[in-house]
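Asker: In case you want the letters, here they are:
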Amino acid sequence: MELQIKQVISWMEKTNEKIQSNKEYLTSLDQAIGDGDHGLNMARGFQEVVNKLSSSNYTYVSDVLKDVSMTLLSKVGGASGPLYGTAFLKMSTALKGIETVDYPQFKKAVVEAVNGVKERGKANKGEKTMIDVWEPIVDFLQKQDNLEAKELESTAEKAMEATQDLKATKGRAAYLKERSIGHLDPGSVSSYYIFAALSEVLEEGA
Amino acid sequence: MELQIKQVISWMEKTNEKIQSNKEYLTSLDQAIGDGDHGLNMARGFQEVVNKLSSSNYTYVSDVLKDVSMTLLSKVGGASGPLYGTAFLKMSTALKGIETVDYPQFKKAVVEAVNGVKERGKANKGEKTMIDVWEPIVDFLQKQDNLEAKELESTAEKAMEATQDLKATKGRAAYLKERSIGHLDPGSVSSYYIFAALSEVLEEGA
Amino acid sequence: MSNVGIVLISHSPKVVEGIKDIIRQMVPDVPVELAGGTDDGSIGTNVEKIQNAIENAYNEKGVLLFFDLGSAMMNAELAVEMTDYEKVKVVKAPLLEGAYVAAVESGMGKTLEEVEKAARNVFDQT
Amino acid sequence: MSNVGIVLISHSPKVVEGIKDIIRQMVPDVPVELAGGTDDGSIGTNVEKIQNAIENAYNEKGVLLFFDLGSAMMNAELAVEMTDYEKVKVVKAPLLEGAYVAAVESGMGKTLEEVEKAARNVFDQT
Ligand SMILES: Nc1ncnc2c1ncn2[C@@H]1O[C@H](COP(=O)(O)OP(=O)(O)O)[C@@H](O)[C@H]1O
Ligand SMILES: Nc1ncnc2c1ncn2[C@@H]1O[C@H](COP(=O)(O)OP(=O)(O)O)[C@@H](O)[C@H]1O
Ligand SMILES: [Mg+2]
Ligand SMILES: [Mg+2]
Ligand SMILES: [Mg+2]
Ligand SMILES: [Mg+2]
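Protein chains in written order, with UniProt numbering: chain A, 1 to 206; chain B, 1 to 206; chain C, 1 to 126; chain D, 1 to 126.
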């Protein structure tokens with residue numbers, strides 16, 4: 001695999017498309033076990049990301065990711081703002097000065113991202129948060145020597161679905177305790193869109 | 001001593017006069033160790049009391065005191081509202097059905113009042129609150145078989161002055177801890193006005 | 001089926017309005033009534049506002065009262081003494097954090113005692 | 001001589017405005033800066049608002065940050081990591097009650113550590 005500026009921008013555009021068309025769905029998920037704003041938060045944030053990227057010129061992948069981070073930080077009012085903001089910032093820092101990202105570099109960037117999210121959210125795997133998608137993705141990446149786009153997507157999908165059976169112990173859903181069981185975690189669903197979009201970009205690039 | 005409706009109304013009018021002319025002074029005391037509204041609170045409350053009493057007809061002393069209580073409760077936004085409201089309500093209850101209040105009845109009413117204030121404020125003597133005036137007054141009344149108006153006034157005055165050296169452990173001034181020492185307690189000063197006004201009424205009646 | 005009602009008492013009308021906005025995002029169907037400020041809307045508290053709020057929030061599950069400082073507690077306790085309803089209680093918990101947890105617990109159909117306990121322990125949980 | 005600055009962070013702009021109103025009655029001369037709501041004023045939090053508030057509240061005594069729920073804490077911690085100032089700290093205390101005590105203590109000229117401790121222990125005192 002190889003990621004260049006063009007692919008990263010396309011990754012964000014595809015993510016945005018998925019989020020815009022699933023805005024109501026994300027909202028309904030967050031209404032069930034949260035405050036109902038995750039659809040709005042993500043739709044607003046990624047629309048601004050796409051606007052920002054399309055109106056800027058970039059030399060390095062890290063600069064694109066930095067802008068993604070800053071835009072999400074300033075435009076997403078919920079917990080997903082600082083969390084995704086941190087994730088993309090960590091990726092940006094990990095990929096500093098690189099023009100074409102190769103697989104080991106990408107792996108390292110995602111590892112840094114998930115560590116950042118865990119630190120920011122003071123959360124670990126199994127607490128019914130987006131970490132329950134990001135960490136399985138890291139495990140999956142660690143096991144491969146080359147990125148299989150389709151498998152990336154299905155790994156994220158399975159991880160997202162598995163959040164249904166978890167009891168939330170972090171984030172707003174944690175207030176609901178047992179009642180959070182039986183519902184998908186909204187942030188895990190939006191994280192799935194992010195990796196599904198990446199998978200599509202990689203497939204096209206392949 | 002004897003207290004009839006006329007005297008009780010006059011008591012409230014004289015209290016109001018003292019409070020109106022010392023409004024700024026009470027404010028400055030509350031600015032030093034509180035939130036600066038005691039002058040306003042008391043001026044508004046007792047003006048409304050006087051308005052209410054002058055526009056009503058009464059058969060029993062207890063009905064006058066009940067109206068005093070209700071007016072202070074609804075028109076004083078600070079702690080002195082529920083505290084004085086409770087004091088006058090307890091007096092009203094203690095004097096129910098009595099047309100001319102004699103000294104033992106009055107004594108009992110003030111004892112009930114101070115007990116009510118202590119319960120409402122969860123406070124005791126020595127905590128730099130209005131209780132530091134009310135409780136010495138009760139002690140003074142308990143010792144006498146007949147009410148000496150002048151001594152009532154001087155007892156209240158001395159008690160009020162003694163609050164200067166206390167450290168507040170209840171009410172807003174308690175947030176200031178040691179810094180509350182060296183200032184008069186605003187509620188003790190307004191309580192002094194109440195007893196000074198009563199003293200004047202009793203003197204006139206004598 | 002009804003849910004435990006919540007009364008928010010603060011010296012500031014804005015504070016209780018804002019807390020209600022935050023609660024409503026997560027909990028649409030629990031009675032939340034406000035008693036902020038004095039009778040003329042300035043900084044302070046008012047027992048009649050609290051009495052009205054209790055009246056409007058009341059149902060057979062009961063009502064919990066949350067307050068901010070000093071006179072808010074005194075007026076809350078006065079209002080409880082003055083009401084004829086039995087299941088009305090003042091909760092000693094942080095106003096915003098306690099009321100938020102209480103609203104969520106109430107929305108799950110918990111009893112007055114359960115909701116109160118959760119609110120009191122709000123700072124142990126996290 | 002300066003006083004420890006206070007930054008109030010809430011999902012609701014009204015909440016922090018109201019708390020400031022309550023604080024100002026008692027404490028006129030301590031920096032109190034607000035970061036309520038998202039960048040467009042709806043319910044949520046915003047790290048840039050917090051950064052601006054820190055900037056405006058800062059002095060050599062330092063700044064303490066008080067927050068309400070979830071993302072407010074995350075954004076507060078982010079803002080602290082992003083600032084170049086050293087004496088900036090997030091306090092784990094009830095928003096209204098903690099900030100009130102902190103403002104009073106700050107007004108008495110206490111240090112950052114003293115103010116923070118008082119705020120954290122606000123529910124032990126009373
Ligand atoms: N402490 C945390 N650690 C990791 N992820 C979290 C945490 N809190 C919340 N999340 C994620 O954020 C999602 C909610 O995002 P969003 O609705 O935008 O935030 P908010 O709950 O502030 O409204 C959750 O579904 C969860 O995946
Ligand atoms: N817990 C309490 N018990 C008894 N008296 C109190 C208590 N709290 C406050 N007070 C009295 O009330 C006075 C302050 O009244 P006021 O300024 O009207 O109330 P607030 O402090 O709410 O602004 C204090 O000076 C004190 O005498
Ligand atoms: Mg949400
Ligand atoms: Mg939200
Ligand atoms: Mg006052
Ligand atoms: Mg006041």
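Don't read these hints as lab results, they were simulated from the structure. Note that the Cβ used here is the ideal one computed from N, Cα and C, for glycine as well. The reader is advised that the hints may include incorrect statements.
If the Cβ cut is set under 10 Å, some of the chain B residues that face chain D in the computed set are [what the hints assert, rightly or not]:
(1) D35
(2) G36
(3) D37
(4) N146
(5) R172
(6) Y175
(7) L176
(8) K177
(9) R179
(10) G182
Asker: Against this structure, judge whether each hint is valid.
Answerer: Okay, the hints, checked on the actual structure:
no. : hint : verdict
1   : D35  : holds, 4 Å
2   : G36  : holds, 6 Å
3   : D37  : holds, 7 Å
4   : N146 : violated, 42 Å
5   : R172 : holds, 7 Å
6   : Y175 : holds, 4 Å
7   : L176 : holds, 7 Å
8   : K177 : holds, 8 Å
9   : R179 : holds, 6 Å
10  : G182 : violated, 14 Å
Checked against the numbered hints above, the structure breaks hints 4 and 10 and satisfies the rest.
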